[in-house]
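Work out the full structure, taking the sequences as your base and the hints as a guide.
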Amino acid sequence: MSMNSSKYLLALFIGVPLLFYSFIVIFPLFFTIYISLTVWEGVGEPIFVGLQNYVKLFQDQMFYSSLVNNLTIFVAEIAFRLTISFFLALLIYEKIKGWQIFRNIFFLPTVMSMAIIGMMWRLILDPISGPLNEFGRYIGWSWLAQAQWLYDKYLALPTVIFVGLWRWIGFTMVIFLGGLQTLNPEFFDAAKIDGASWWKIVRHIIIPLLTPIFALNFILLWSHSMKIFDIIWVMTSKGYGPLETTSVLTTYLFVNAFRFKQFGYASAIATILLAITSVVGVIQLRFWGGRERV
Amino acid sequence: MYSRRLIIAYIILIPLSIVVLYPVFWTVINSLKSEREFILSTFSLPSALHFENYLMAWSGPQRTGLSIYFMNSVIVTGITLIILLMLSAIGGYAFARFNFKGSSILLSYILIGLAFPAHAMIIPLVVIYNALGILNTYWSLILTFVGFNIPFGILMMRSFFISFPKEIEEAALIDGCSTAQIFWKIVLPLTKPAVTSLSVLTFLTVWNDFLFSYVFITDRNLWTLPRGIFAFIGEEQEISWTVINAAFIISIIPTLLFYMLFQRELMRGTTAGALKA
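In order, the protein sequences belong to chains A and B. Residue 11 is where the first sequence starts when you use this note's numbering, and the numbers rise one by one after that. Residue 78 is where the second sequence starts when you use this note's numbering, and the numbers rise one by one after that.
Just so you know, the hints here were simulated from the structure itself, not pulled from any lab data. The C-beta atom is built at its ideal place from N, Cα and C for all residues, glycine as well. Treat each hint with caution, since some may be false.
[As the list claims (entries may be wrong)] One-sided and incomplete, this derived list gives chain B residues near chain A with beta-carbon spacing under 8 Å:
1. Leu117
2. Phe120
3. Ser124
4. Phe175
5. Val204
[What the hints assert, rightly or not] Using 30 Å as the maximum straight-line C-alpha spacing, the simulated BS3-like pairs for lysine-lysine come out as follows:
6. Lys17(A) to Lys262(B)
7. Lys202(A) to Lys105(A)
8. Lys269(B) to Lys17(A)
9. Lys271(A) to Lys66(A)
10. Lys178(B) to Lys262(B)
11. Lys243(B) to Lys17(A)
12. Lys17(A) to Lys178(B)
[Stated by the list, open to error] Here chain B is said to cover these stretches of chain A; the calculated rule only asks that three of the stretch's residues, wherever they fall, bring their Cβ under 8 Å from a Cβ of chain B:
13. 24-38
14. 41-53
15. 117-124
16. 139-151
17. 266-275
18. 279-288
What follows is the structure, encoded as structure tokens:
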């Protein structure tokens with residue numbers, strides 16, 4: 011084999027994916043930051059305005075509401091998704107009869123499109139024709155019969171969060187299961203012989219051993235909660251995007267960019283989104299590096 | 078002692094399974110009813126199976142139907158997978174087998190892409206695709222999905238090649254094969270497990286995408302399934318709900334088939350793929 015042909019091949023093998031990636035990911039990354047420093051409607055020349063968009067953004071009530079909604083989603087995901095899926099993983103890990111069936115059922119929504127799931131639930135939660143309100147009418151609970159799941163300003167966000175949980179609990183559960191399967195069962199057997207209760211085993215053996223998996227899920231939930239778009243848009247947007255009660259960073263970005271044609275302002279939102287997701291993303295990368303070496 | 082815990086486990090797992098399955102079940106039964114029956118009660122089972130709802134959703138109640146959206150989804154997903162797999166295989170192989178100057182820096186440069194969400198880059202992507210004249214074509218979707226999945230693809234293929242014994246390639250080298258020949262004839266055919274995992278995970282991301290199709294594609298003849306179905310509920314409200322339910326089921330069926338066929342790869346890949354989600 012000639013050294014030269016191998017060199018050309020290497021350049022080709024690395025170069026093609028590298029160019030592709032640089033053009034689609036890295037170039038737009040810097041482009042976003044640049045646009046955020048301009049006033050631009052997408053046509054003509056962008057006008058450089060420095061940090062003006064950011065100054066405006068930090069005085070924008072709707073931006074804060076959106077960010078707070080992202081954070082609320084994150085807190086709810088930690089409180090419910092993380093705990094519920096962890097305990098489900100523990101139950102399924104017991105290998106009771108039919109455990110595979112339960113695992114497969116819980117994982118099922120994960121393969122479905124989030125947008126389709128959102129639309130499906132929009133019909134299910136419809137106050138007039140939906141089964142939930144119909145059930146309320148049937149048993150005579152007027153609050154259930156009249157609940158405006160997606161149109162009530164206090165109910166809308168919790169409802170969307172619930173549908174998100176419905177989709178993602180199985181996914182997080184499978185990640186926990188993967189972690190549990192790496193543990194040595196002899197640990198628990200020894201502890202059981204010593205008379206340790208189930209909760210003690212979970213609290214003092216399993217949770218400490220699974221710290222990396224908890225951390226990984228924590229990071230995943232963070233970036234998931236910050237990037238969330240599909241479900242909010244298909245379930246709660248009306249005309250000009252979702253109202254203040256369910257607006258999130260991505261939907262607010264979308265409305266500013268593609269409805270109001272304020273590319274500069276929308277790019278400032280995108281840059282903030284980039285900053286808060288990539289900080290955690292870099293930690294996530296170090297994780298991966300650590301795991302790969304094992 | 079054990080049996081008491083078993084009962085508690087079932088008391089928790091069975092109702093939760095019903096919560097997960099019921100919405101899907103509800104959609105299925107209401108996709109098979111006549112409109113009248115649907116309005117009377119959404120709980121009851123259909124008295125006769127109205128498969129014409131599926132035909133109606135497929136051929137399209139108005140201008141376009143799922144048959145077009147379905148084809149668009151197949152084309153976009155298929156081309157994305159082919160390009161992504163090729164680029165990931167060659168990139169992963171190069172990073173695993175050649176120790177050249179600056180390789181670790183280049184690898185970090187590619188892997189950093191895992192930290193950046195495509196959502197934040199959507200405005201420049203629209204501007205770039207518009208300038209290239211490919212906005213509102215399949216290529217705007219394909220390029221985006223390939224580009225943002227390259228880091229994960231290279232990472233996955235690289236770890237596969239690292240775990241793959243070098244001896245086979247060395248033997249071929251002694252037999253006088255060139256590097257290119259070794260790659261095409263010996264290495265590539267053996268990558269099936271890694272290629273399968275990568276395909277399964279990418280298939281789901283691309284097939285299920287809504288945002289990019291929503292932003293990049295305005296021509297309804299090019300819409301993918303989730304985008305097209307959104308028009309059924311958002312923009313054309315005169316469509317019967319039974320037909321909409323049928324549309325949901327049609328769009329879900331391929332992913333369910335996929336789930337059944339590749340369940341093991343999917344479960345295994347989820348922990349690995351968690352990285353990119």
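>> Hints numbered earlier in the text: which of these fail when held up against the supplied structure?
In response: Per hint list: 1 and 3 violated.
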